[in-house]
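When the letters of the sequence shown are read in order and numbered with mature numbering (1 follows the signal peptide of the UniProt record, and there is no 0), they come out as residues -22 to -1, 1 to 210.
You may find that some hints are simply not true.
Unchecked claim - Here are the computed lysine-lysine pairs in the DSSO-like style, where the Cα-Cα straight-line distance is at most 27 Å:
{"#": "1", "residue 1": "Lys70", "residue 2": "Lys97"}
{"#": "2", "residue 1": "Lys210", "residue 2": "Lys97"}
{"#": "3", "residue 1": "Lys115", "residue 2": "Lys89"}
{"#": "4", "residue 1": "Lys74", "residue 2": "Lys89"}
{"#": "5", "residue 1": "Lys117", "residue 2": "Lys89"}
{"#": "6", "residue 1": "Lys210", "residue 2": "Lys115"}
{"#": "7", "residue 1": "Lys97", "residue 2": "Lys74"}
Hints are computed from structural coordinates only; laboratory data are not their basis.
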Amino acid sequence: MMVKILPQLLICFWITLPFCFAEKTKERSARQRDAEFTDKYQPCMQGVPGVQGRDGNPGINGIPGTPGIPGRDGFKGEKGECVTERFDDPWKPNFKQCAWNSLNYGIDLGKIAECTFTKQRPDSALRVLFSGSLRLKCKTACCQRWYFTFNGAECTGPLPIESIIYLDQGSPELNSTINIHRTSTVEGLCDGIQAGLVDVGIWVGTCADYPRGDASTGWNSVSRVIIEELPK
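From just these sequences and the hints, can you work out the full model?
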């Protein structure tokens, strides 16, 4: 009887054995998935932060880079001015004034007044000015001339410094002459005068080709001569 039952048991064993392995495989796969899920999504407790590390040693210089592309030339600049340095002494003002109160000088020919000036440079010019009252009267046409001299000679650089007054005849009907005193000036620049003392004079004389009249200078007013040295 046992002999008959044994083959039946073997058949049953071989039939149920695959199902047993399949169940164990399924069970093992489920446990593996649960473990992976737990490792992936279940948070762990954070540990104590470690000690901060030290800074590393400075690195060595890198390899030099290649030269850059040369730049373009800039725009051409404007032409500069040529400046010549001068080492001459700085110019110092040099001037003088001589003044007279009521000269009342009635001469028709000769020197009226003089003012002495010290000229400092040989290559400078002198500016001269006379300001005062001038008058000329006559019964017929006449002309008088007021002019400057330098050490007794008139200016030649470039021309004399002068002023004139011309008067036509008076009024025969009234048997009188015109007698007007007006403040006038004689002014100009003179070159070519040497350095040192210069006697600057104001004179009165006649005009060419005209008769002399009755001249008056500095009547009832202040007259003055101003002299100034100027650079050329």
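Taking the hints in turn, this is what the structure says about them:
1. Lys70 with Lys97: Given that 27 Å is the threshold and the Cα spacing comes to 12 Å, the pair holds.
2. Lys210 with Lys97: The given pair, whose Cα atoms are some 14 Å apart, holds under the 27 Å limit.
3. Lys115 with Lys89: holds (19 Å)
4. Lys74 with Lys89: holds (19 Å)
5. Lys117 with Lys89: Judged against 27 Å, a Cα distance of about 25 Å means the pair holds.
6. Lys210 with Lys115: violated (40 Å)
7. Lys97 with Lys74: holds (11 Å)
Checked against the numbered hints listed earlier, the structure breaks hint 6 alone; every other hint is satisfied.
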